[in-house]
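Q: Sequence:
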Amino acid sequence: MRFSIEIKASKGKVWDTLWQDETLRQWAGVIDPGTYMAGVLKEGDEIQFISGNGYGVTSKVLKLMPSEFLLLRHTADTQDYGKREREKQWTGGEESYSLAEADGATTLTVASDVPAELEGYFKDAYPKALERVKNLAERKQ
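Residue numbers (my numbering): 125 to 265.
Do not rely on the hints blindly, as some may be mistaken.
[As the list claims (entries may be wrong)] Simulated crosslink set (EDC-like; lysine to aspartate or glutamate; CA at most 16 Å straight-line):
#, residue 1, residue 2
1, K184, D237
2, K258, D140
3, K258, E170
4, K187, D201
5, K258, E130
6, K184, E218
7, K135, E225
8, K137, E225
9, K166, D140
10, K252, E130
11, K184, D201
12, K135, E192
13, K247, E146
14, K184, E225
15, K135, E241
16, K132, D227
17, K212, E225
18, K132, E241
19, K135, D227
20, K132, E219
21, K166, E192
22, K184, D204
Derived by calculation from the structure, the hints in this document are not laboratory data.
Using the sequences and the accompanying hints, generate a full structural model.
A: Quick look at the structure:
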């Protein structure tokens, strides 16, 4: 699935909105309440996205170009706040975040491999989450 939104903010502001803990919790929580990221975005390292119910995904940072591009590969589905593996719903999928700036605005494009049974939910939830990113980034100006 692929989603894009134009945001009247610099790439740096949008990037910070995506990945700083306080704002990540606000936009990712639209998709899955209570979601946060554990770990540090560093190419080659693993991070975890964990929801309020303790389910999550462990992802390897395949490519990181700050304020421009992030590519993640989901390496494990987890439960118990990242302590145990569960069924492999997301494992093997990839997710990317691309930012392109022109004329004082940034286009954020997110591409994600989504399990077939969740496509309907994500078609509704992801645009709402990106709208939250837009509102947060534009408010930070």
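Q: Quickly compare the C-alpha distance for K135 and E225 to 16 Å and report which way the hint goes.
A: With a Cα-Cα distance of about 6 Å, the restraint between K135 and E225 holds, given a limit of 16 Å.
Q: Regarding the pair K184 and D204, is the alpha-carbon distance no greater than 16 Å?
A: Not OK: K184 and D204 at ~19 Å, beyond 16 Å, violated.
Q: Can the restraint linking K132 and D227 be considered satisfied, given a maximum Cα separation of 16 Å?
A: Holds, at roughly 9 Å.
Q: Check the hint pairing K184 with E225 against an upper bound of 16 Å on the C-alpha distance.
A: 26 Å, violated
Q: Between K135 and D227, does the CA-CA distance stay at or below 16 Å?
A: 11 Å, holds
Q: Mind checking the alpha carbons of K184 and D201 for me, to see if they're no more than 16 Å apart?
A: 12 Å, holds
Q: Starting from K135, check that the Cα of E241 is at most 16 Å away, please.
A: 33 Å, violated
Q: Would the hint linking K132 and E219 be met if the CA-CA limit is 16 Å?
A: It is violated: about 23 Å lies between the C-alpha atoms, which goes past 16 Å.
Q: Compare the distance between the alpha carbons of K258 and E130 with 16 Å, and conclude whether the hinted pair is satisfied.
A: 8 Å, holds
Q: Take the C-alpha atoms of K258 and E170, compute the straight-line distance between them, and say whether it is at most 16 Å.
A: 27 Å, violated
Q: Run the distance test for K137 versus E225: straight-line Cα separation, threshold 16 Å.
A: 11 Å, holds
Q: Would the pair K184 and D237 pass a check requiring their Cα atoms to be no farther apart than 16 Å?
A: Holds, because 15 Å separates the two Cα atoms, which is no more than 16 Å.
The structure fails to meet hints 3, 4, 13, 14, 15, 17, 18, 20 and 22 from the earlier list, while all remaining hints are met.
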